[in-house]
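Participant: In case you want the letters, here they are:
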Amino acid sequence: MNCVEAKSCLDPRLDGELEPARASLFDEHLAVCALCRSEFGEAENLRAALRRVAPRQPSARLDGRVMEAYRRRHDASAARASIPSWQAFLVRRVSVPAPALALGLVLFALALLAAVNGRRPASEVESPIERGARAEPRIVEVPVEVPVERERVVRVPVIVYRAAVQPERKEKPARSAVASEERRPALQSYKDSSAGEISYSTSAALEGFEPLPKPAARVLKGAEKW
Amino acid sequence: MIDFDDRQLARLAADGDAEAFGEMYRRHRDRVFNFAYRMIGVRAIAEEITHEAFVVLIEHPERYSPERGSLLTFLCAVARHHVMHYLRRGGREVDAPDDTGAFVADGGDDDPLGALLDDELAAFVERAISELPPPLREAIVLREMQELSYEEIAVVTGADVNLVKVRLHRARKRLKERLAPYMMRDGSESHELC
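If you read the sequences in order, they're chains A and B. Residue numbers are given in our numbering: position 91 of the first sequence equals residue 91, and the series is strictly consecutive. If you want our numbering, it's the 1-based position in the second sequence plus 1000.
One chain only, chain A, in its complex shape (with noise of 0.2 angstroms):
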């Protein structure tokens, strides 16, 4: 061995990690080589200096709390063990405080609440029309005027169906052109004498008949009601 190999062999064997075989042939360069031994005597003054420093000493306030630590640790097992098995469980699976759980439940409820209430999609929401009409039919009685050989109110039974949707209200027209206009004209009698006793009962204006005066009122009786 020469001074370059012992020089790399040099800390391995100051660490006593050095194969026992070049350990030998180390020692025996160190025999013959005076500055390869001055040098591996600096390196072990130099180890002799770093173990000389004296350990320092921790304080005994670090006993008393890791000795706690290990305690209470043990302490905590013990009081788990005591508890039934299915509690213990859930000890040792739910370790966060009480009310941070709480807090988590309700908050898991109002979200579950809101996602079975939630918003449906806009083709499935139905529309007050829709909803009117998915209502009960109501009959209602419409006086409706029907023109007859006799002038008289007749009521007819019309179905309508409820809406939901208020209409839209309309500025109403006075009360005396409401009347003016669905004023009829009144039906006259008219008498044709080149058919005998036939009559015509009508609202326009006829040329050449004789017109009939108006039948007195009277009230009807009997088979006469409709």
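Hints may contain errors.
Said to hold, decoys possible - EDC-like mimics (lysine to aspartate or glutamate), calculated; alpha carbons at most 20 angstroms apart, straight line:
| no. | chain 1 | residue 1 | chain 2 | residue 2 |
| --- | --- | --- | --- | --- |
| 1 | B | Lys1173 | A | Glu44 |
| 2 | B | Lys1165 | B | Glu1177 |
| 3 | A | Lys7 | A | Asp27 |
| 4 | B | Lys1173 | A | Asp75 |
| 5 | B | Lys1165 | A | Glu19 |
Keep in mind that the hints were calculated from the coordinates and are not lab data.
With chain A's structure known, arrange chain B on it following the hints.
Facilitator: Chain B in isolation, oriented as in the chain A frame:
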């Protein structure tokens, strides 16, 4: 209890044997503390790191695996993790430890001057160690003060064994240069390779 090895003590301690844990703690407390102290240089921080290392052992005893290394290796690895975390956060790293250095007494109290020089050298050695970069510092502290093997240092630092050797060599070289005025009292000379 004293005759038990670390593996047996760790098993007993995990089962709630406070005496076993106490024995285990007494065995390794000083070395873990001194490793943290040499790395940080602040006693209070070093105690906190030592506490955390043992708390990990208390809370998670399953993390210690004897197949991967000794208990001291495990504790030093945990302590190193906290040390590096502290240093990365820009924690205070003092130039020299906050205690006055002292050599281990040889038993000869009849040489006050020699004792004074030894104390001075001890303070100088501590300062020189604290001036090393953290990777070199941890290598030299784990090897020379904790007396761990290369493989154990590699486990603690998470580095390759060859890298550990390189770091140790560089650390020794720097320390030798730094301490040359004190180490060459006997007049020895550096030499050229033959």
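Participant: Indicate, hint by hint, whether the structure satisfies it.
Facilitator: Hint check results:
Taken as a hint, the lysine 1173 of chain B and glutamate 44 of chain A pair is honoured in the structure, with Cα atoms around 13 angstroms apart against an allowance of 20 angstroms. For a cut-off of 20 angstroms, the pair hint linking lysine 1165 of chain B to glutamate 1177 of chain B stands: about 18 angstroms separates their Cα positions. Taking the CA atoms of lysine 7 of chain A and aspartate 27 of chain A, the gap is about 12 angstroms. The hint holds against a cut of 20 angstroms. Proximity of lysine 1173 of chain B to aspartate 75 of chain A is assessed by CA-CA distance (about 51 angstroms); at most 20 angstroms being required, the pair is judged violated.
Our distance criterion of 20 angstroms between C-alpha atoms is met by lysine 1165 of chain B and glutamate 19 of chain A, whose separation comes to about 15 angstroms.
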